[in-house]
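Residue numbers (this note's numbering), protein chains in the order written: chain A, 96 to 294; chain B, 96 to 294.
Because the hints were derived from the structure by calculation, they are not lab data.
Because the structure is a prediction, the values reported are computed rather than measured.
Even for Gly, the Cβ is constructed at its ideal location relative to N, Cα and C.
Careful: at least some of the hints might be erroneous.
[What the hints assert, rightly or not] Covered by chain A, per the in silico footprint, the following chain B stretches (three or more residues, Cβ under 8 Å):
hint, region
1, 121-132
2, 181-191
3, 228-242
4, 258-264
5, 278-284
[Unchecked claim] Partial list, computed: chain A residues near chain B (C-beta under 10 Å):
hint, residue
6, P239
7, H284
8, F286
There are 2 protein chains.
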Amino acid sequence: MSSSLLEQLIEAFRVLPGVGQKSAQRMAYHVLERERAGGQRLSEALAVAVEKIGHCVRCRDFSETEVCATCASAAREAHLLCIVESPADRLAIEQATGYRGLYYVLQGRLSPLDGVGPRELGLDRLAQRLAEGEVQELIIATNPTVEGEATAHYLAQLARQHGVRPSRLAHGVPLGGELEYVDRGTLSHAFGSRGEMPE
Amino acid sequence: MSSSLLEQLIEAFRVLPGVGQKSAQRMAYHVLERERAGGQRLSEALAVAVEKIGHCVRCRDFSETEVCATCASAAREAHLLCIVESPADRLAIEQATGYRGLYYVLQGRLSPLDGVGPRELGLDRLAQRLAEGEVQELIIATNPTVEGEATAHYLAQLARQHGVRPSRLAHGVPLGGELEYVDRGTLSHAFGSRGEMPE
Chain A
96 MSSSLLEQLI EAFRVLPGVG QKSAQRMAYH VLERERAGGQ RLSEALAVAV EKIGHCVRCR
156 DFSETEVCAT CASAAREAHL LCIVESPADR LAIEQATGYR GLYYVLQGRL SPLDGVGPRE
216 LGLDRLAQRL AEGEVQELII ATNPTVEGEA TAHYLAQLAR QHGVRPSRLA HGVPLGGELE
276 YVDRGTLSHA FGSRGEMPE
Chain B
96 MSSSLLEQLI EAFRVLPGVG QKSAQRMAYH VLERERAGGQ RLSEALAVAV EKIGHCVRCR
156 DFSETEVCAT CASAAREAHL LCIVESPADR LAIEQATGYR GLYYVLQGRL SPLDGVGPRE
216 LGLDRLAQRL AEGEVQELII ATNPTVEGEA TAHYLAQLAR QHGVRPSRLA HGVPLGGELE
276 YVDRGTLSHA FGSRGEMPE
């Protein structure tokens, strides 16, 4: 029995992250009942994005042009290079901080068991870039997970080999959190890395 | 400044119910990073669904054909007509119960303040159908909200005018719930409508 267009639409919505059968049904009904124009726009935006958005040849972030707007901008400070795991991490830093340097997006993290080594993350190209001598500081902003930390150590070594200073985002107690609910590892790290109070 | 394809895609995802800026970003990145083929399928399913899915002329449910599969089926009992507010309600009943009769989808509820009267819900066509004499019981499954109840009363009157027996889904304590957490109105109703224990 071939499935109906409605069933096909519900099934198609399930590729989205966090969307199960119930949410997919709700989305399909919502679009059909109230948002046909919006559904049409989403359809077109998806088709164009999937076809046209590739990766920047400089930083590997998503880009619809060969070199992304950030890498092409003369206003960014080329001696600072911030390295992140994913485009979403890059966006989070860009939105939260006043950082004006450049980025490098790994599109993953070192994970030998999954067959992800330095080559898969394009680290040969990164090494070449560090060798060019323009970058002075490599800000390593991989996630504070086991694999992210391992990747960070590898990157720090790579930076030092090319005479570039590696730095890492500070770990500690999150702002607005309560000590009681902070996990042990973080609390222990924050305690050990305590700094003098500014006057 | 015109927005990038990625920004347009994120914006387009926000037409979906319950999807804000963060979820839309996550969806866009997920599709671009891991599900380009799925995104392509979703784009096509949306375009086709928005264009091709209309309403069944018999029951007003979504249908890609003039008369939907349920209304056209000879296996359904035509003397039972279950009336619901939305296609999602119809689907919920179809999935949860063994009901083998037909449906009528209001695509709304009576709401005079919003300009939704009997005409907007197609009740003239429903009256005509009840007058034909085939329907013997009208199962009124509008939501147990103020507007749903008002709609139910109107529908019950309409049914009686045409010699059709109206019935309403039972109200009471939900299965698996704890009395302590059941709202007062429901508990009061369930208490008043108590029935003799079967042996």
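Now the hints, each set against the structure:
1. 121-132: holds (count 10)
2. 181-191: holds (count 4)
3. 228-242: violated (count 0)
4. 258-264: violated (count 0)
5. 278-284: n = 0 at 8 Å, threshold three: violated.
6. P239: violated (20 Å)
7. H284: At about 27 Å, which exceeds the 10 Å cut-off, the nearest Cβ of chain B leaves the hint on H284/A violated.
8. F286: With a minimum Cβ separation of about 32 Å from chain B (threshold 10 Å), the hint on F286/A is violated.
Checked against the numbered hints above, the structure violates hints 3, 4, 5, 6, 7 and 8; every other hint is satisfied.
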